[in-house]
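One-letter residues, chain by chain:
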Amino acid sequence: MNLIGEKISYKPDEQFHLNDVSFNFKKGNLYTILGRTLSGKTTLLKTIAGLLNPDQGSISFEEKDFIKIPVWERNVAMVYQQFINYPHLNVYQNITFPLEQRKLSPEQIKKDVDEALKTVGLVGFENRKIQELSGGQQQRVALARSLAKKAKILLLDEPLVNLDYKLREQLREEFKRIFSEGLSQDTILIYSTTDPQEVMELNGEVIVLDEGKVLQKGPAKEIFENPSNLKVAEISNDPPMNVLKGSKNSKNLNFENISLEIPKHFKNLQDKDYNFGIRASEIKLDENGEEFEIELAEISGSETLLHLKRGNSKIIALIEEVMNFKIHEKVKINFNANKFYAFGEDEKLVSSPYGGTNG
Amino acid sequence: MSKLYTFLKYFFITFWTVFVVAPFLWAVSTSFKDFQSVNSKVTYIPWLDFEPTLEGWRVLIKSPAKGGVDIVEPYFNSIFVTCTASLISIVLGTLAAYALSRFTFKAGFVRNNDITFFFISQRIMPPIVLSIPFFIFLSTIGLLDSLLGLVVVYIVLLMPIAVWIMVDFFNRVPKELDETALIDGCNPYQAFYKVVLPNSIPGLIVAGMFCIIFGWIDFFFAFILTFTEVQLLPVKVVALNSSITPWWSLSASALVSVAPLIIVAFIVERYLSKGNLSGALK
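Those protein sequence lines, which keep their order, are chains A and B.
Letter 292 of the first sequence, counting from 1, is numbered 292 in the numbering used here, and no numbers are missing.
Letter 212 of the second sequence, counting from 1, is numbered 212 in the numbering used here, and no numbers are missing.
Next up, chain A with everything else stripped away, as it sits in the complex (with noise of 0.2 Å):
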């Protein structure tokens, strides 16, 4: 009864758009799909849809194949990151679409699209035009659209990408309570975005994707706790986590001159160099710190992101509160060496502070 896509490649010119992609979506489940801008979602959830065929794999719904069925007979629904709607069409008319095409009852019709109006709050908009609407409001329609067809599967590409911040956090809120209330037991839910803190506040099965490979699949809390590489680590963090080349001996850990002692969690592992990982929030100004030097000050909303460097390495830090910096400045800041990631040379995770390790 599941979605099961097995070993599925796109390679429409010289590079893989999706390398090998296979996956297992259970019904009434939240999938979030996270990855880098042309990591290969779009394209993966095209696919899923029918919009897209694959050179390989294949695809099943409900034990059936899914690739031989056409896009218009797959019931699937599909936000766009870019706000798609009928221009032609008000805003009733554009959810009624969907389900007139499907020849339901003007009966059915209504009371579904009554009832998408007021999960996506646009009741009183019926008789407005597209055009008329903000940029949220024309996502809205467009979710309500896709909410009305009460599709099996419901793809979401990066639907916040393009509403400013404020919208954003807004409508980032609304979705969690619609994607809790508003959906049935029967729907898989599929949601793109390359925005770390949606995945963790959507908080579902999380799939890593980049430059077409699935890297790593698991809960949300597990690919924040233990991303399994490097590249991992950066994708799902924002800021990216930081990497510190350096090497661990019996008393310290080493990087840049600057000597750590070693934390708890890194006791038994073996003495050689790696590649530390450690998040900019778990750096902090501190006048017996370490000194680095300022590259840049990014002063956002009620926190500033300090770009800093000594020697070859490059980190950046996230200070709680607003502060003017001067660039080439010099500051002195401390790691939470407790929360230290240990990747291998080969970049695959050795050692978190939640407990990971991959092997």
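A couple of the hints might just be wrong.
Which residues of chain A face chain B? A few of them, derived with a C-beta cut under 7 Å, are [said to hold, decoys possible]:
1. Leu51
2. Pro54
3. Phe66
4. Ile67
5. Val71
6. Tyr80
7. Ile84
8. Tyr92
9. Gln93
10. Arg102
Everything labelled a hint here was simulated from the structure, so no lab data went into it.
Just so it is clear, CB atoms sit at the ideal spot from N, CA and C, and this is done for glycine as well.
Assemble the complex: chain A is given as a structure, and chain B must be docked to it using the hints.
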């Protein structure tokens, strides 16, 4: 600075308006004159400068047997040929343009852009280059001097315009719109006529207008490919110019022949500003 700009703006607009409208007014005035009023001295305003007469207009609908020139039949011939050829060009051209915009064609080294260029290249050649092939072609299939033959030739001339305008238009309609239609349960044909076409009305109007204008004003092919059986309006109007030029009926027929274009332009202008696709993609 801005005052000077405003002054210059209105000065040139006024100048240009006079430049464009004056010949029309001159033709209107002339169409009400007789031999005497045209040839004696320069006159402008009816009743004041000269005694107006409707003779120039009357001649147009009189049959040749009664000394008239009868442009009624050529008029309807022109309307029929222009409308039929434009309609077929728009229908075929729109379908071709949609295919060229949405699907990828490969045949040897030929790609979509090459096919589009092939269509446009039909208009690059001077018409005279095409005249002999068209003449031989029509005489071989026995359509010389017939309305159907003219329709065929005009489709060849007008379809490139339709394809060219519509390819450009469809390229600006986001592909995601078609895809959403497919996902929402339309098969590809339904996606085209239920979603893409209703959003392409401004493009269709522009393409239609160009086809009608180019079809209506063509003199060259109408002149070469017809003799006695069929006559189109531009040829008939020019043929009025015999040993003694009847300026009055020439003016009248010229006015009658531009009238449809003026009407089309006024209707279309209102629709052009209406439709836009801004809601589809931000």
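_Less than 7 Å between beta-carbons is the criterion; does A:Pro54 satisfy it with respect to chain B?_
violated (17 Å)
_Supplied contact hint for A:Tyr80, tested at 7 Å Cβ to chain B_ = Holds. Min distance 5 Å.
*With chain B as the partner, please determine if A:Tyr92 meets the hint condition of a C-beta pair closer than 7 Å.*
violated (15 Å)
_Interface hint compliance - A:Gln93 to chain B, C-beta minimum distance less than 7 Å_ = violated (11 Å)
*Restraint satisfaction for A:Val71 [CB to CB of chain B, less than 7 Å]*: holds (4 Å)
*asked:* Please check whether A:Arg102 passes as an interface residue: C-beta within 7 Å of a C-beta belonging to chain B.
replied: holds (6 Å)
*Is the interface hint for A:Ile67 satisfied, with its Cβ closer than 7 Å to some Cβ of chain B?*
Not OK, violated: A:Ile67 not within 7 Å of chain B, min 15 Å.
*Minimum Cβ distance from A:Phe66 to chain B below 7 Å?*
With a minimum Cβ separation of about 14 Å from chain B (threshold 7 Å), the hint on A:Phe66 is violated.
*Would you check whether A:Ile84 satisfies its interface hint, that is, whether its CB is within less than 7 Å of any CB in chain B?*
The hint holds - A:Ile84 has a Cβ within 7 Å of chain B, the shortest such distance being about 5 Å.
*Would the stated hint for A:Leu51 survive a check requiring a Cβ distance to chain B of less than 7 Å?*
Since chain B brings a Cβ to about 5 Å from A:Leu51, closer than 7 Å, the hint holds.
When the structure is compared with the earlier hints, violations turn up for hints 2, 3, 4, 8 and 9 and for no others.
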